[in-house]
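Read top to bottom, the protein sequences are chains A and B. Counting with the working numbering, you get residues 3 to 188 for the letters of the first sequence. Counting with the working numbering, you get residues 2 to 871 for the letters of the second sequence.
Note that these hints are calculated values from the structure, not bench results. None of these values were measured; they are calculated from a predicted model. Glycine included, every Cβ here is placed at the ideal spot set by N, Cα and C. No false leads were mixed into what you were given.
Partner residues are not named here, just some residues of chain B that face chain A (Cβ under 8 Å, in silico):
#	residue
1	N37
2	S281
3	Q283
4	P356
5	S363
6	E413
7	P472
8	G581
9	H735
A few chain A positions that, by computed beta-carbon distances, are all more than 12 Å from chain B:
#	residue
10	I4
11	D22
12	R37
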Amino acid sequence: MIKDLITRWPVIKQILNRADGTGVEAMTEHTLHMRPKNDGADVAHSVCPYCAVGCGQLVFHKGNKLISIEGNPASPLSRGRLCPKGSASYELTTHSKRLTKVRYRRPHGSDWEDLDLETAMDMIADRLWESRNKNFVEEQDGQSLMQNKTVAHLGGATLDNEENYLIKKLFTAGLGMVCISNQARI
Amino acid sequence: MPGLGTTYGRGGATTAPSDVVNSDVILIMGSNMAENHPVGFQWVIEAKEKHGAHLIHVDPRFSRTSAVANTWVSLRAGSDILFLGGLINYILQNNLDFREYVVHYTNASVIIPETFKDSEDLGGLFSGWDPQEKQYDNTSWLYQGVKADEGSSDHHDNAQSGGHSQHGIDSSTDLSTYEQDLTLQHPRCVYQIMKRHFARYTPEMVERYCGVSKEAFLNVAKIYTSASGPDKTGAICYALGWTQHSSGVQMIRCAAMIQLLLGNMGRPGGGILALRGHASIQGSTDIPTLFDSLPGYLSMPKFGYSSKDLASFIKANKPRTGFWNNFDKYIISMLKAFYGDSATKENDYGFNWLPRVTGDHSHQAYWLDMMDGKMDGLFVIGQNPAVAGPNSGMERRALGKLKWLVVREMVETETATFWRDSPEVQSGELKPALLGTEVFLMPAAGHVEKDGTFTNTQRLLQWREKAIDPPGDARSENWFIYHLWERIIVKAKLDPRPRNQGLLALRMDYTIKGERREPEAEEILQEINGWTVADHKQLTTFAELKADGTTACGCWIYCGVYPESGRNRGNERDPKDEYGHGWGWAWPLDRRVIYNRASAKPDGTPWSERKKLVWWDEAAKKWTGKDVPDFTATKPPTYVPPPGAEGDAALAGDKPYILHADGMGWLWVPVGLNDGPLPTHYEPLESPIRNPMYSTQQVNPAGLNRARPGNEYAKSPDARFPYVLTTYRLTEHHTAGGMSRTLSHLAELQPELFCEISMELAAQLKITHGEWVTLVTARGAIEAHALSTSRMKPLTIDGKTVYQVGLPFHWGYNGLVKGDIGNDLIAISEEPNVRIMETKGLLCNVLVGRREDNAAKLKEYHSIMEGQTA
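Isolated chain A, as found in the complex (with noise of 0.2 Å):
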């Protein structure tokens, strides 16, 4: 019994085994025993989110939650490398100022008040239709012009290819909006 206790000791393990300090015979018990956070997770291969080099990320992840985002080492653009805002990806999801209700201000309002999802939309929806309906051109000299310049859009170039694609199908090829804009005024 004592004799297991004095040979757990990291420094007696480091003379019996003739080692120099700096392997596991230096570790405690409990150190031995801690994991990496990433151990068991699942991961997803992603994509940095902010400038366009395309960094690739490791996602690793464990029951909907997200435990870390490394740099993938594997990726030929930029070999497991990020800089600081890349590396900051983690805080970017999990930070405390997220949104995750719908805030409505009502004309003339002086604060945010609730607002469910699903009544949002309806009434984003209904305010839309009024203002196509009210201005919607179709013709123009007898000939399509199929327009609508009184709802705009401005996007963004963080969005995915396919919300972009959703985008300008629908506002564009569906509802007739011509001013529709990004930063990608190259």
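Go by the hints and put chain B onto chain A.
For chain B alone, coordinates are given in the frame of chain A:
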């Protein structure tokens, strides 16, 4: 986009950051790559340290990029065309062009008709200028011998509009029928016209007006032009430092021309790296949420003759020769992807359901309409115009005139809370009770909370796998659009008017997953890739697209990213070679260095062993090499098109620029640009000097300054605003800060707004380092800490000292760290081709003390400005 698009045929970076390891010289200009693309910059460092490449940085500010450059040159912001024109002149005067490349692969030899008059002869205007309409008719810029279409009276209405879809197509003229002089001696060949056009861009002019000493300029010229010829290549990297100017497209054109003259395009270590600042900014023009183009750089139909029906639209956009001869296949397949079975031959595949463009509907144009109370609603999806828009103060005031505003974001941005927190409300100028805008702030999903692709700066599509669900009511944009459509379609079904036919026809039959009813993103990518209509088989290449309605394809340039059921090439992560094939998928068809046919000599053999990339394998009778050939694989270098051939078959085997009707790189742009066939120097909209090149043409004549009360300009020069202001980004923040000022680490690393001024200016104004100063322009005033530093150098311009001020623009009134809004200083203005504002060169004054200390003076500025435009 049009800078590269018109010169080469495609509006995208021509190579990848990692390819600069093959460069002998790297020129970074209009970019601070080390700080804004730090991980991409590792390749520049590797090129320099492992391969001995010479790095040149030309920029008004000394930054971390300059710190590791072999050569750094400071120049006056906005004088870039003088500098680059100087390089072109140096190449031409000293016969340093890569002659064999230039003769075979560019339009240097093509003869321009006598009717063309150069800006050098017309005081700064090219021939064809219409002073009433303030636009060019490009007829005199066309090649001698081309036949203009006599059938249509307004055949130029598409070409003349410019914009994001401009890659130089104008089917009304057949650019394949040119006359040329391969000796480049004809006085009206492009080469000789260029030689005359740039003759005044001498080292002396550069010294006098850019503020770069003759020696420093000649040193750069000598080093950069050494990267040319069979055995050497050089790369040029640029970013917003070129783009955000009133002549930005023509700055990029200069670089594109230099790369053609030196034979650096389509070759390893050559090319132009357009460094994009958002994760999918390339994707956002490829699949454009922009008013003037459709997916794959098809132009939006413009109201008028050329868009009266599909046949006219195709006629106007389908040249006889070159790859754009397939235009009909691309547009009809896109309409089939949009409208599905409802798109039939009989109804022109729903072409008339697409809205027509009737003018300028860009961000800045419609924002002025908003300011004038003409807009009802606005969707802001992933942007923060209250602090990111030019003349942000005006943009915020315009938001208050909307009936409703939808903001989709991860955090409470300044745009969402303008009615409560903006400086105008804080100062009492605006009262929330009087602002009638109804605001919906909707929580959005982040990048790990949804599946989808980004297209990065090198045209590479990379798929992101969803890791976790978005929190609470946060949703993807796919969800938002789909669920909005579900609601709208119910209303449309009750209203059978023609306006709703397209809406009702819209295909939205995606698989809807889970409790939250999320559309399957992978199916959207499959649609973007395209399939056969009859049996829904994925297409492997755009060569399979048809003009008869049997294929559907959302974006033809992305065809091949999802080539078979279950194979998403954006999600493949097994790099096989130095070009990274196997990791993601680059458009078009996984070609990593585009125009790579030019990496071989006209006869198909590599220019040199050291610079081989793609070559003709005579035994196998096909093109082969380290990259996917950007050329018809079996077309031999000796191929001569038979008379009457069309499309790609009409281009000879030694014509690498296959998107162009003549297969050549365009030193001269006959169609597609709104401000001239050649770049020429105009001063920024606000400048400390008069234009030294043209006394009667101060600024780009085709641009718009949108001057009006609230968007005033300083005079050029202007004693009230003696200093040049240029804005920039920091490593630790992202654009206007919506994705960075909310994060603790980044906020702590860069907590406060500052401006950089030279030690000399600080001494002159008695400003102590760190002290508060107020920066004032004709639009607004902001306060910042003064950072007096030797990184900023006073320049001597035309005998006078010019001081430049550097200003990061990341701050606002929300987030963990707050500060004044840099973009309040910027004017709403429009470059004539892409409608971007000028942020990189304008005029300001620097007042000692905070805004409130300067209240009296600022009031004076304000009333003078008001009086000026009243």
